[in-house]
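Given the coordinates of chain A, assemble chain B onto it according to the supplied hints.
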Amino acid sequence: MTKPFLEKSNQSMMSAKSLIKQHLYSSTVSRAYYSSLQYIFHVLIEKLGKSHNDINKAPRTGTHAQAQYLLELALVSKDKNDYKWFQTKFPEFKEDRVKADYHDHLFDAGSGQDAINTAESIINILKKNFR
Amino acid sequence: MTPLEFIQENLSILSKQFPSVNIKYGYNNLIKTHIVVLSPEEEFLHNDQLDDAWIPLSFNFKSSFPDEEIAFVPPSSTLAIIEVLEEFNPAIMIVLDCIYSELFEYELKYSFPQSIISPTSVVSRATIHNSIAMLNYPEQFLVNDATDNIYQSAA
Numbered sequence: 088m089t090k091p092f093l094e095k096s097n098q099s100m101m102s103a104k105s106l107i108k109q110h111l112y113s114s115t116v117s118r119a120y121y122s123s124l125q126y127i128f129h130v131l132i133e134k135l136g137k138s139h140n141d142i143n144k145a146p147r148t149g150t151h152a153q154a155q156y157l158l159e160l161a162l163v164s165k166d167k168n169d170y171k172w173f174q175t176k177f178p179e180f181k182e183d184r185v186k187a188d189y190h191d192h193l194f195d196a197g198s199g200q201d202a203i204n205t206a207e208s209i210i211n212i213l214k215k216n217f218r
Numbered sequence: 162m163t164p165l166e167f168i169q170e171n172l173s174i175l176s177k178q179f180p181s182v183n184i185k186y187g188y189n190n191l192i193k194t195h196i197v198v199l200s201p202e203e204e205f206l207h208n209d210q211l212d213d214a215w216i217p218l219s220f221n222f223k224s225s226f227p228d229e230e231i232a233f234v235p236p237s238s239t240l241a242i243i244e245v246l247e248e249f250n251p252a253i254m255i256v257l258d259c260i261y262s263e264l265f266e267y268e269l270k271y272s273f274p275q276s277i278i279s280p281t282s283v284v285s286r287a288t289i290h291n292s293i294a295m296l297n298y299p300e301q302f303l304v305n306d307a308t309d310n311i312y313q314s315a316a
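Protein sequence lines, in the order shown, are assigned to chains A and B. Numbered according to this note's numbering, the first sequence spans residues 88 to 218. Numbered according to this note's numbering, the second sequence spans residues 162 to 316.
Since the hints were made in silico from the structure, they are not lab data. As the structure is a computational prediction, the values presented were derived from the model and not from experiment. Don't take every hint at face value.
Claimed, not checked - Capping the alpha-carbon separation at 25 Å, the derived lysine to any residue pairs in SDA-like fashion look like this:
id, chain 1, residue 1, chain 2, residue 2
1, A, Lys176, B, Glu202
2, A, Lys104, A, Leu193
3, A, Lys165, B, Ser225
4, B, Lys223, A, Asn168
5, A, Lys176, A, Ser208
6, A, Lys186, B, Leu191
7, B, Lys193, A, His190
8, A, Lys167, A, Thr150
9, A, Lys134, B, Pro227
10, A, Lys176, B, Ser225
11, A, Lys144, B, Pro227
12, B, Lys193, A, Ser198
13, B, Lys223, A, Phe217
14, B, Lys223, B, Tyr188
Unchecked claim - Between beta-carbon pairs, the in silico distance windows are:
id, chain 1, residue 1, chain 2, residue 2, range
15, A, Thr89, B, Lys177, 50 to 60 Å
16, B, Asp213, A, Thr89, 33 to 43 Å
17, B, Phe220, A, Asn143, 17 to 27 Å
18, B, Gln210, A, Trp172, 16 to 26 Å
Note that CB positions come from ideal geometry on N, CA and C, so glycine has one too.
Chain A with its partners taken away, still in its complex shape (with noise of 0.2 Å):
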């Protein structure tokens, strides 16, 4: 059975490495970004029995903040540091991703490697927590 999103992921992660090696650390920092919601979207899907509608029709701000909301909702009864942790990481890289997308903040090779970090580590925690 397929797992589209967990492909994606994959795929962005793949991608992110490979731009860094390019030293296009924007591209870098915001797929990695979108590797690790990738990621969400598939614990969501895959692990939580979410539906698209359930991601997308949502009451929240956007997309991006719903798959946060419901991935915390879940987290936090799993393991509460792991929470703590990710609802502070999370908005961090957010704000890098959107730094890196829609403004003239110039990115080096370490936020790169940074952000590339912080896509596996949120990605090893969703592992962790949600076989």
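Only chain B this time, still in chain A's reference frame:
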């Protein structure tokens, strides 16, 4: 009740429950999120009672105001509050600043000893003489060992 009123009211209650926690509130325009910074870091990381207070508050806010986002973060977070809109228990930060500035000052004043203790003060002249003799050439100490003689002649 507006989101701001909700936050002000509940953070005020939280600050009274936890007088040793400094609470700063601001708004991050980049990600359209209300930011609450809980200091010091140790309280955010290890105070379970504080967790039990702010985590339900966070979810309560999100369910009451679906168009608003909120994040509770430690002082080390990169989520900057450009303008602090509210601060609760500011005194605790003043106390901590005083303690840390004193420690920092002490650290600056402390210096490692610059001189190395003279070996003559701890090692006898005879010991030094023997040590120098041993360093000169190993041969003179190996001749008494028959095995070593074999190795030496082979070499």
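Against the structure, the hints:
{"no.": "1", "hint": "A:Lys176 with B:Glu202", "result": "holds (15 Å)"}
{"no.": "2", "hint": "A:Lys104 with A:Leu193", "result": "holds (18 Å)"}
{"no.": "3", "hint": "A:Lys165 with B:Ser225", "result": "holds (23 Å)"}
{"no.": "4", "hint": "B:Lys223 with A:Asn168", "result": "holds (19 Å)"}
{"no.": "5", "hint": "A:Lys176 with A:Ser208", "result": "holds (10 Å)"}
{"no.": "6", "hint": "A:Lys186 with B:Leu191", "result": "holds (8 Å)"}
{"no.": "7", "hint": "B:Lys193 with A:His190", "result": "holds (15 Å)"}
{"no.": "8", "hint": "A:Lys167 with A:Thr150", "result": "holds (24 Å)"}
{"no.": "9", "hint": "A:Lys134 with B:Pro227", "result": "holds (24 Å)"}
{"no.": "10", "hint": "A:Lys176 with B:Ser225", "result": "holds (23 Å)"}
{"no.": "11", "hint": "A:Lys144 with B:Pro227", "result": "holds (12 Å)"}
{"no.": "12", "hint": "B:Lys193 with A:Ser198", "result": "holds (22 Å)"}
{"no.": "13", "hint": "B:Lys223 with A:Phe217", "result": "holds (23 Å)"}
{"no.": "14", "hint": "B:Lys223 with B:Tyr188", "result": "holds (15 Å)"}
{"no.": "15", "hint": "A:Thr89 with B:Lys177: 50 to 60 Å", "result": "holds (53 Å)"}
{"no.": "16", "hint": "B:Asp213 with A:Thr89: 33 to 43 Å", "result": "holds (41 Å)"}
{"no.": "17", "hint": "B:Phe220 with A:Asn143: 17 to 27 Å", "result": "holds (22 Å)"}
{"no.": "18", "hint": "B:Gln210 with A:Trp172: 16 to 26 Å", "result": "holds (19 Å)"}
The structure shown violates none of the earlier numbered hints.
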